[in-house]
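Trainee: Put together the whole structure using the sequences plus the hints.
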Amino acid sequence: MKILVPVKRVVDYNIKPRVKTDGSGVETEGIKMSMNPFDEIAVEEAVRLKEKGVATEVVAVSIGVQQAQDTLRTAMAMGADRSILVLSEENLEPLGIAKLLKVLVAREKPGMVILGKQAIDDDMNATGQMLAGLLGWGQGTFAGKVDMVAGQVHVSREIDGGTQEISLRLPAVITADLRLNEPRYASLPNIMKARKKPLETLDVGSLGVDVASRLSIVSVTAPPSRSAGVRVGSVSELVEHLRYEQKVI
Amino acid sequence: MTSLVLLDHEDGQIKKAALSAVTAATRLGDVHVLVTGGHAVAQAAASIGGISKVLHATDPCYAHELAEPLAALIVSLAAGYDYILSSAGTLGKNVLPRVAALLDVQPIPDVICIVNANTFVRPIYAGNALATVQSRDKKKVLTVRSAAFDAAPFTGEAAVIEVAASVPESVVSTFIAIHLSVSERPDLETARVVVSGGRGLQSEEKFKILEPLADALGAAIGASRAAVDAGFVPNDYQIGQTGKIVAPELYLAFGISGAIQHLAGMKDSRVIVAVNKDPDAPIFQIADYAIEGDLFDVVPQLTKALV
Numbered sequence: 001m002k003i004l005v006p007v008k009r010v011v012d013y014n015i016k017p018r019v020k021t022d023g024s025g026v027e028t029e030g031i032k033m034s035m036n037p038f039d040e041i042a043v044e045e046a047v048r049l050k051e052k053g054v055a056t057e058v059v060a061v062s063i064g065v066q067q068a069q070d071t072l073r074t075a076m077a078m079g080a081d082r083s084i085l086v087l088s089e090e091n092l093e094p095l096g097i098a099k100l101l102k103v104l105v106a107r108e109k110p111g112m113v114i115l116g117k118q119a120i121d122d123d124m125n126a127t128g129q130m131l132a133g134l135l136g137w138g139q140g141t142f143a144g145k146v147d148m149v150a151g152q153v154h155v156s157r158e159i160d161g162g163t164q165e166i167s168l169r170l171p172a173v174i175t176a177d178l179r180l181n182e183p184r185y186a187s188l189p190n191i192m193k194a195r196k197k198p199l200e201t202l203d204v205g206s207l208g209v210d211v212a213s214r215l216s217i218v219s220v221t222a223p224p225s226r227s228a229g230v231r232v233g234s235v236s237e238l239v240e241h242l243r244y245e246q247k248v249i
Numbered sequence: 001m002t003s004l005v006l007l008d009h010e011d012g013q014i015k016k017a018a019l020s021a022v023t024a025a026t027r028l029g030d031v032h033v034l035v036t037g038g039h040a041v042a043q044a045a046a047s048i049g050g051i052s053k054v055l056h057a058t059d060p061c062y063a064h065e066l067a068e069p070l071a072a073l074i075v076s077l078a079a080g081y082d083y084i085l086s087s088a089g090t091l092g093k094n095v096l097p098r099v100a101a102l103l104d105v106q107p108i109p110d111v112i113c114i115v116n117a118n119t120f121v122r123p124i125y126a127g128n129a130l131a132t133v134q135s136r137d138k139k140k141v142l143t144v145r146s147a148a149f150d151a152a153p154f155t156g157e158a159a160v161i162e163v164a165a166s167v168p169e170s171v172v173s174t175f176i177a178i179h180l181s182v183s184e185r186p187d188l189e190t191a192r193v194v195v196s197g198g199r200g201l202q203s204e205e206k207f208k209i210l211e212p213l214a215d216a217l218g219a220a221i222g223a224s225r226a227a228v229d230a231g232f233v234p235n236d237y238q239i240g241q242t243g244k245i246v247a248p249e250l251y252l253a254f255g256i257s258g259a260i261q262h263l264a265g266m267k268d269s270r271v272i273v274a275v276n277k278d279p280d281a282p283i284f285q286i287a288d289y290a291i292e293g294d295l296f297d298v299v300p301q302l303t304k305a306l307v
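Residue numbers (the UniProt record's numbering), protein chains in the order written: chain B, 1 to 249; chain G, 1 to 307.
Calculated directly from the structure, the hints in this document are not laboratory data. Just to be clear, a hint being listed does not mean it is correct.
[Claimed, not checked] Derived Cβ-Cβ restraints for the label pairs, each shown as a range: (1) G:V182 <-> B:K52: 46 to 54 angstroms; (2) B:G30 <-> G:T58: 54 to 62 angstroms; (3) B:Y185 <-> G:K208: 33 to 41 angstroms; (4) G:A159 <-> B:R169: 32 to 40 angstroms; (5) B:G30 <-> G:S47: 36 to 44 angstroms; (6) B:S24 <-> G:E157: 29 to 37 angstroms; (7) G:E157 <-> B:N14: 47 to 55 angstroms; (8) B:S24 <-> G:R270: 30 to 38 angstroms; (9) B:K109 <-> G:P279: 24 to 32 angstroms; (10) B:S187 <-> G:T58: 49 to 57 angstroms.
[To be verified] Listed next, the in silico DSS-like pairs over lysine-lysine satisfying Cα-Cα at most 30 angstroms (straight line): (11) G:K139 <-> G:K208; (12) B:K247 <-> G:K277; (13) G:K208 <-> B:K247; (14) B:K247 <-> G:K139; (15) B:K145 <-> G:K206.
[To be verified] The following residues of chain G were derived to be distant from chain B, with all beta-carbon distances above 10 angstroms: (16) Q106; (17) Y125; (18) P234; (19) V298.
By construction, the Cβ of each residue, glycine as well, lies at the ideal position given by its N, Cα and C atoms.
Mentor: Put into structure tokens, the structure is as follows:
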């Protein structure tokens, strides 16, 4: 079985995002970019399934600018066998991404698509569900555990009240939650090896998909900021503040 | 303009977050709600104020709220609606993007403000920026942050209509089991007071030091990702960008350093108290009251002062 792993290049999770002064978005110029952390978890899971003999090939896909190559090289250094970069200068929405992935799925015929549950830039949490919908496949979202059982994939899902276990027929889409695994660091030899792994580049226009945005950004602003309050020296002082000043207890 | 709101419920109770989604929908026009589950839930739904119709999906295929049949059902009903909404909980986030894809719509998650019929505000970058977006889609599919809208009251008398199962897709998913955390405490997302612990709690055993304090305050208990990852508490305790978003009257953070991903989940709380040994902990920068000290001294003292 082949596994397709879509990955996104985003502002590194350690960087505090800064809103552009013209209100058009968040500053990404000259900012450290990395693979979306949830997608790293997805890559790790796919590679582990290959190591267990469940999968035979792991193909990483990214849709974005030329530099998304770096993200794909990271995925290959972690163990993906090859990559596809769909070049797009435009920032695409989950609907457009899901449609493009559907075309790639038709071409690659994977038994599973594993991707992060959300990207930490737009926080949409939608692409996996949308892809599953377009394909008519089952979806195992917010996965905390993935096991193959008798030809089906069992997914333990992290939900508001606890966890839910479901079983999906293959092919299926899985979205990775935080605790699915701890992604490995790519070793130097593997980083070197990844440079030689195949990376195919396609132009977004060649896939025949309407990816026009449905949402236009009116503005992007910084949220109201909170400032540091007071340091209190003792518990009794704190209780006084909470009781008489704030009246919350 | 008419909205259909998918209600989330647990243990036969409609969740408060779902009632906030109803309030958001009432700003957009007439409101119908869709509910799965038993009769009691449908009756409770009928008494929500501001709605005119309850659609009750009684077919067993909806019993476990699996995304595939539920999305197919909503799509089959969608012709009559301009908006499809739910709370931004795991039910809505699982089902509504699938619905949106099948309707060829780009969903708008985590709405915190409705500017007008097609313009909405939502946080991005873990709440470090607020995006105002305008949708060109004819139908809109939205999930709504519960902290941003008051819960609709139970003051209504809407009619309940049973809806038949939609033509089933081939069955691709099966329910196996659900494991819900049992708690006598208030729901984390809608609690008035939240007591929250981080890595500083050191162990599952020591985390329990927060329980008497939470009891004294009638508070829900939450945690940072670090505490959940370390196994001190289950995953449904997690507050943050990818966990639960809370905005209580009072948030007490113990042994939480304050990574931006955690702050994303609690910085809209009215009063924030932070207790940490590290004088440079980032959480102190947004706390209204900060105690630099050992939480294992502070928590028992505070508990004693409150009972």
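Trainee: Taking the hints in turn, state whether each one holds.
Mentor: Now for the hints, and whether the structure bears them out:
no. : hint                                  : result
1   : G:V182 <-> B:K52: 46 to 54 angstroms  : 34 angstroms, violated
2   : B:G30 <-> G:T58: 54 to 62 angstroms   : 57 angstroms, holds
3   : B:Y185 <-> G:K208: 33 to 41 angstroms : 34 angstroms, holds
4   : G:A159 <-> B:R169: 32 to 40 angstroms : 38 angstroms, holds
5   : B:G30 <-> G:S47: 36 to 44 angstroms   : 56 angstroms, violated
6   : B:S24 <-> G:E157: 29 to 37 angstroms  : 48 angstroms, violated
7   : G:E157 <-> B:N14: 47 to 55 angstroms  : 53 angstroms, holds
8   : B:S24 <-> G:R270: 30 to 38 angstroms  : 32 angstroms, holds
9   : B:K109 <-> G:P279: 24 to 32 angstroms : 57 angstroms, violated
10  : B:S187 <-> G:T58: 49 to 57 angstroms  : 55 angstroms, holds
11  : G:K139 <-> G:K208                     : 47 angstroms, violated
12  : B:K247 <-> G:K277                     : 26 angstroms, holds
13  : G:K208 <-> B:K247                     : 27 angstroms, holds
14  : B:K247 <-> G:K139                     : 44 angstroms, violated
15  : B:K145 <-> G:K206                     : 27 angstroms, holds
16  : Q106                                  : 4 angstroms, violated
17  : Y125                                  : 4 angstroms, violated
18  : P234                                  : 7 angstroms, violated
19  : V298                                  : 6 angstroms, violated
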